[in-house]
Amino acid sequence: MSGAQNYINHVALVLDASSSMSHLSRKVVEVADQQIAYLARRSGELDQETRVTVYVFADKVECVIYDKDVLRMPSLKQLYRAGGMTALLAASLKSQRELAQTAQLYGDHSFLTFVLTDGQENASHRCPDAPSGKPRDLVKAVSEMIAAQEDNWTLAVLVPDQMGKREAMNCGFPKENIAIWDATSTQGLEEAGQVIREATEKFMVGRTKGIRGSRAVFSTGAEAVNKDTIEAAGLTPVDPSEYQLLPVARDVAIREWVVESGHTYRTGCAFYQLSKPEKIQARKRIAVLEKTTDRVYTGPQARALLGLPDVETRVRPDHNDEFTIFVQSTSVNRKLVSQTRLLLMN
Numbered sequence: 103m104s105g106a107q108n109y110i111n112h113v114a115l116v117l118d119a120s121s122s123m124s125h126l127s128r129k130v131v132e133v134a135d136q137q138i139a140y141l142a143r144r145s146g147e148l149d150q151e152t153r154v155t156v157y158v159f160a161d162k163v164e165c166v167i168y169d170k171d172v173l174r175m176p177s178l179k180q181l182y183r184a185g186g187m188t189a190l191l192a193a194s195l196k197s198q199r200e201l202a203q204t205a206q207l208y209g210d211h212s213f214l215t216f217v218l219t220d221g222q223e224n225a226s227h228r229c230p231d232a233p234s235g236k237p238r239d240l241v242k243a244v245s246e247m248i249a250a251q252e253d254n255w256t257l258a259v260l261v262p263d264q265m266g267k268r269e270a271m272n273c274g275f276p277k278e279n280i281a282i283w284d285a286t287s288t289q290g291l292e293e294a295g296q297v298i299r300e301a302t303e304k305f306m307v308g309r310t311k312g313i314r315g316s317r318a319v320f321s322t323g324a325e326a327v328n329k330d331t332i333e334a335a336g337l338t339p340v341d342p343s344e345y346q347l348l349p350v351a352r353d354v355a356i357r358e359w360v361v362e363s364g365h366t367y368r369t370g371c372a373f374y375q376l377s378k379p380e381k382i383q384a385r386k387r388i389a390v391l392e393k394t395t396d397r398v399y400t401g402p403q404a405r406a407l408l409g410l411p412d413v414e415t416r417v418r419p420d421h422n423d424e425f426t427i428f429v430q431s432t433s434v435n436r437k438l439v440s441q442t443r444l445l446l447m448n
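Just so you know, we're using the working numbering here: the sequence shown kicks off at 103 and counts up by one.
No lab work stands behind these hints, which were simulated from the structure alone.
Computed list of lysine to any residue pairs in SDA-like fashion (alpha-carbon distance at most 20 Å, straight line): (1) K329 - G315; (2) K381 - D284; (3) K381 - T432; (4) K277 - N328; (5) K311 - E151; (6) K311 - I110; (7) K170 - A142; (8) K129 - Y182; (9) K393 - L348; (10) K386 - G370.
Cβ-Cβ distance ranges computed for the label pairs, FRET-style: (11) K437 - Q180: 48 to 58 Å; (12) S440 - N272: 35 to 45 Å; (13) K437 - K236: 50 to 60 Å; (14) D169 - D284: 25 to 35 Å; (15) N224 - R397: 43 to 53 Å; (16) E246 - D353: 42 to 52 Å; (17) R199 - R238: 15 to 25 Å; (18) T310 - D423: 20 to 30 Å.
Ideal placement from N, C-alpha and C gives every residue a C-beta, glycine not left out.
Whole structure, please, built from the sequences with the hints as guidance.
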């Protein structure tokens with residue numbers, strides 16, 4: 103492919119508009135509009151063309167905006183109305199099948215779809231947009247469709263609970279492309295919007311490195327952080343003389359442990375191991391450690407590797423056999439967790 107070809111992103115939002123979403127409908131519009139404004143800004147900054155499609159679904163599935171330039175998008179205010187059942191599988195099928203008809207000429211095209219639902223599937227078998235048959239035939243149809251998607255397709259879903267996650271996995275959604283959101287409150291929807299923004303950031307930055315799709319948009323685990331993604335992000339190892347790794351023998355404040363280990367504490371020089379879900383501020387640096395070699399990679403691209411946007415955001419440590427994530431501390435009394443390690447940059 104010649105270097106002159108455009109990056110063209112086709113981003114779709116597939117939004118649940120069943121009756122149970124009515125108490126959140128104003129917030130749905132606000133969150134979707136914010137996501138579109140964010141896409142417009144990042145498309146300009148990264149010089150990527152982005153086209154947006156929006157589906158809403160209840161008893162039936164409706165495409166309300168199709169492949170429209172992100173810089174010319176209207177607000178969803180007039181287009182989103184809640185009422186009816188939840189034809190989730192029909193919406194997944196219809197959105198992907200119709201988007202697959204989009205021309206992919208002259209450019210590096212990539213498709214990213216977020217499905218947002220607050221409940222379980224209960225209407226697709228009666229929905230005119232789905233193939234006829236029993237509910238389990240629909241599950242099979244979605245599963246086969248996802249399995250057959252090319253590497254430039256990313257399909258992610260946000261569900262309200264563990265049961266929703268199990269159902270999504272049964273339908274073939276990749277495990278790391280399923281996130282759980284709190285569907286009971288506007289705060290929960292706000293946080294879901296942030297999760298979608300972080301995943302989009304990871305996707306768009308990945309695009310600049312030649313990554314065309316992802317089966318780990320919501321993950322810091324092995325699918326997201328591995329030798330290939332580290333190389334693609336342009337991360338290079340830090341000179342071993344520039345850092346030390348200190349084992350942490352007990353729960354202790356960060357400065358106390360650095361001094362006790364015989365070093366001088368300077369603000370920002372110490373990185374703690376990410377061992378539980380927590381919020382990471384926009385200015386915090388990230389380092390990635392390869393477990394077998396103790397090689398450390400850091401730099402602005404390390405944040406991009408995890409899909410961290412330039413606002414405070416919540417991150418969870420997912421299982422990863424090969425790499426460990428470290429986060430810069432700017433506090434003197436950050437509690438270190440026993441049996442983890444501390445990365446000290448010289």
